[in-house]
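4 protein chains.
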Amino acid sequence: MSGLGTIDELPPDYRQALSASNVLPLWPSLRAALPYDKPARRARPVAWRYRDLRPALLRAGELTPIEKAERRVLVLSNPGLGPDAMRAAPAIFIGLQLILPGEFAPNHRHSPSAVRFVIEGKGGYTVVQGEKLPMEKGDLILTPSGLWHQHGHEGKEPVIWLDALDLPTINTLEASYCVEGEPQAIRNEPDASQTRFRRAGLLPYQALETAPARYPLLRYPWREVREALHSLSGVTPTGKAVQLAYVNPETGAECMPILGFSALMLRPGETVAPPRRSTSAVLHVVEGEGEAEIDGETLAWSESDTIAVPTHADVRLANRNPRKPTYLFQVDDAPLQKKLGFYEVLN
Amino acid sequence: MSGLGTIDELPPDYRQALSASNVLPLWPSLRAALPYDKPARRARPVAWRYRDLRPALLRAGELTPIEKAERRVLVLSNPGLGPDAMRAAPAIFIGLQLILPGEFAPNHRHSPSAVRFVIEGKGGYTVVQGEKLPMEKGDLILTPSGLWHQHGHEGKEPVIWLDALDLPTINTLEASYCVEGEPQAIRNEPDASQTRFRRAGLLPYQALETAPARYPLLRYPWREVREALHSLSGVTPTGKAVQLAYVNPETGAECMPILGFSALMLRPGETVAPPRRSTSAVLHVVEGEGEAEIDGETLAWSESDTIAVPTHADVRLANRNPRKPTYLFQVDDAPLQKKLGFYEVLN
Amino acid sequence: MSGLGTIDELPPDYRQALSASNVLPLWPSLRAALPYDKPARRARPVAWRYRDLRPALLRAGELTPIEKAERRVLVLSNPGLGPDAMRAAPAIFIGLQLILPGEFAPNHRHSPSAVRFVIEGKGGYTVVQGEKLPMEKGDLILTPSGLWHQHGHEGKEPVIWLDALDLPTINTLEASYCVEGEPQAIRNEPDASQTRFRRAGLLPYQALETAPARYPLLRYPWREVREALHSLSGVTPTGKAVQLAYVNPETGAECMPILGFSALMLRPGETVAPPRRSTSAVLHVVEGEGEAEIDGETLAWSESDTIAVPTHADVRLANRNPRKPTYLFQVDDAPLQKKLGFYEVLN
Amino acid sequence: MSGLGTIDELPPDYRQALSASNVLPLWPSLRAALPYDKPARRARPVAWRYRDLRPALLRAGELTPIEKAERRVLVLSNPGLGPDAMRAAPAIFIGLQLILPGEFAPNHRHSPSAVRFVIEGKGGYTVVQGEKLPMEKGDLILTPSGLWHQHGHEGKEPVIWLDALDLPTINTLEASYCVEGEPQAIRNEPDASQTRFRRAGLLPYQALETAPARYPLLRYPWREVREALHSLSGVTPTGKAVQLAYVNPETGAECMPILGFSALMLRPGETVAPPRRSTSAVLHVVEGEGEAEIDGETLAWSESDTIAVPTHADVRLANRNPRKPTYLFQVDDAPLQKKLGFYEVLN
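Residue numbers (the working numbering), protein chains in the order written: chain A, 1 to 347; chain B, 1 to 347; chain C, 1 to 347; chain D, 1 to 347.
No lab work stands behind these hints, which were simulated from the structure alone.
Do not take every clue at face value.
Treat identical chains as interchangeable: a pair holds within one or across any two.
Unchecked claim - Each computed DSS-like pair below joins lysine-lysine, with the alpha-carbon atoms no more than 30 Å apart:
{"no.": "1", "residue 1": "38", "residue 2": "338"}
{"no.": "2", "residue 1": "38", "residue 2": "122"}
{"no.": "3", "residue 1": "132", "residue 2": "38"}
{"no.": "4", "residue 1": "132", "residue 2": "338"}
{"no.": "5", "residue 1": "338", "residue 2": "122"}
Please read these numbers as outputs of a predicted model, since none were measured by experiment.
Work out the full structure: start from the sequences and follow the hints.
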């Protein structure tokens, strides 16, 4: 393939005329926009250590009162994506949010969708459309696009959770905004969706009488996920990932529209090598310790650390503990890629 | 509306000519085929008492060796649908099947779909596509259209289960047939789908990577259903049915293509009046006792009894025990009616 | 396979007890209900000649005033399905309807779905939900389940059309009924859906902004179908059926919920042998002449004749005219069988 | 709402520590990422005049031989989106491509999807998966993600077409790449999909026997679209847009996965004001002249001009010619927004 022409090879007057007309010649940038055989990836494999982030987050609590912060969040910024990129991976916003006892985030809704995955602390809660959802370590709470939600903290110690948002996509498309609302009336059935949707294969009968709800289940308690991982482990051959996807029980589809969420268990001493995928992902360690090898780069991790995985990457995940399982929470952009028609499983 | 012409009003030669041409005049039968405002129902509310059927079924075991019966089944025959109608309700075949210790039903598959709901006995099992499924009281086992299945009995007492089939529809459409096959190779993961699909909202990750399975879950254990009914009860107002539908966990759709299955709990002393529906149904009592009032007719029931409910019927179900809940298993033809576009919830 | 026990082998007292309990032993009827390898078909290949039916229909017009007939229809009755069976094939009702100048069928709707396919005459029309649809030879008019419709005739000669209904299925399920209504207000956009939906691949933009309409297109003019068959013919190898299905343009799904409709063209001298299918069908000749060989039985046909094809049948269709194409209109129960999960293409 | 803390208010050592840990504080950027009530839009209403672009494109043909350009394309760059942005609107890449007689673009496929809309010239063609598609003014040709395609030119004058790609989204997600292939074997049925899919509501029967094709129709000839617009015009009230969407005839869904395409007709002298939408769009003038008022800014246009419309914009389109209709081709990102769950029709 011979080299393409560069921008410098064009006469200055021509370049000026193009610029005045708000057009660009494609060919000098063609190969960057459309490389051969594999995307030009800028995102890098990165590990964020909780032992570094936790003190920084607590210090933010001291430095900045909640009125000046609104959300006290440190955003994981993938250094390959440029300075100040609010992206851990191309399509994934990850923040660590601190909420102190008695603090409160007033009722609002926004066009991006968010989930909250609890890292530590007791007494936090989120109210979504009137349903009050308790938050315990490892719980996943949905606050989807357009749904009213507010947060609070009735406990005694700092609560820290991980926010995962589809903000990069919504923002690039210039569709991100937020609306504030009156405080919600809280129904007297806290956490009711938990009792409605218990067992795979069983739905409230009236769910069949109406169109499927977009978000019938708003909290996925870690205790239940952990148990289900152990069940699944019993019928999964060694070396194959024990992995559960968080889905809408009324449709079996991913629980959120753009980002996908799943929980992974690596059995003691086990190494798994998922197929190479066109998606990018973020892994968060719920329990245990191990190593990720991503495109040849090795990153060690332990509890509450977070790791970025670029698109089209070769990945191996190893549990280095020979006696205990390790559990990971995974965020990926597979729902987006599948819906938009370019999801691929390579290998 | 004046009366329509009758067949007798037509000249005999004309009637003969029509008959010779294989045609019928519509108008003498029009009102029967298309009555005003409500279907002309022939099916009647009926109760079948287990205390009558059980001895008859055991006697069948004595009278007819399994080689002469192939399936030792008594078919519930709704007297309104004509003599020898193998239909408990217009679209629903219900049989009570006896299987004695050591008996075996060889591998086969058929175009109708069947489910088995266990009434009594231990040690029965069904093998579906290589997965060996234990059968305990109240368990629901799917043997869908086209899937290989065989039954056996490794226990010591008679096993009796209820068969529900969509045979009336398949048979009317002249599409019912059966194929016999070699004995299945049984996989060494008995009841594996139970461990794969545990919790509402969690699916094995690979379920998202492939087209949804049509029948990923083949057994719905009663123990789990009963627990889930009690959970649901906590968020269901008194007087509203506590009812769970059996669904495909990968899609949230009814678990079988033509007939629908659900479990109902009536709390102590509770009466529920579901809306009038265009569907017909069969109710089977798993535990407890009570009364059904169907289009003004009252039918009492106790454990293991079975009741037919015609289409478009007014129904009230009452638990007459002030201290214990009662549990019903319901079969209806809602999936068929919804897919075919004439399902209605009336009043 | 040894013979199963018969009903006569059971002791009389036992048979009496079963009967009193409203149950039947399955085994004497098992093989009839569930035969090996292929359905037990009662429907037979039949041809109805228009030269016989037309005079009979016109005589019905003389014998029975419209007030005594409400619909002046001769129903094609497949002799294999029993005397007085209002079924041309197991799931298909076919009637030939006569409407005389000035006659009028008042506004009504019913749970079965109907289509009208015009055989002869000018000036007939149907109004569906306020849209007045002209009816010319070969046009297909939909009057789906639950939609208001009324018919009329503003011409000077008898109009005869073919009615195809899913009545057998609805009736067997005891869900068939009819409601009469006030005369419809006719919108001043006659046949408007024709102008909205012209070209494959183009939809009114607002169709994308709302849920797909169930019946956006109510008339399929024969002139357009015939032209499209000729186009399709250009890219269809000889010996392969040139066949167009009538679909909902907003979804691409069959235009009606239970029965399927399509138009077939056999090129001059051509013979086609469609695959054996689990469906039954009715063929109506729009133009031309030829022969059908169905399970070895040969039936000749010419214009406006109608032929029944049983389920699972071997079919060959031959155009015996070496110079002109022939056109057939086909009704089948494929949508029903697909939705209910037992549709099969065999061999 | 009090102001949030700024980055400068944080102690330098803290900022340094954050930076070293690859994290950013959210609060200084929160309002920019998530503004109140309406997105922060950078894209601007822009008009590109064909009278400026055409000479520039032809000069590119002189300056740069095809071997140095591979694709001779000028990219419309919305000045609000930053220098060198290859985006006409946030999610939409628009290029004007010149192909000279005898030139050839070899066989390739890529993860972005593209369409080609012909502006001028005769003799161009595209081969997609072996089907050779002629290209005439106004024709829309699909070259979807992953499908092999090659272009050529058998005429005598320059051919210019408009490329619309979903490249911005694919590129942001780091999933854009291209694969080159051997020249395609061209089937001897040029433009065959045109003859298979003619009329709305009619599909080849075999389309019902298989899963819907993702891209059954590859060319949408302008002549057909124009005729269909005139038909639609007859049932569209004045002041309401006469607008046809390009869809997949087998599903009724948008013809491409991320971007949506439609054709608009403004009747002589007519002004239409579509509802405000969350989407961005590009309008290209096929015939006629008029004005667009976008968020209060007025842009005049005439044949072959192109206009960018930001998200959430107020738009009025006016045909200034009192005697002739004008026709616009519209590209928007509605399919993407709908699939991802944040599409909105506002006010």
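Hint by hint, here is what the structure shows:
1. 38 <-> 338: both (18 Å within a copy, 28 Å between copies)
2. 38 <-> 122: Intra 45 Å, inter 35 Å, cutoff 30 Å: neither.
3. 132 <-> 38: Cα proximity of residue 132 and residue 38: across copies only (28 Å, versus 45 Å in one copy).
4. 132 <-> 338: between (32 Å within a copy, 29 Å between copies)
5. 338 <-> 122: neither (36 Å within a copy, 37 Å between copies)
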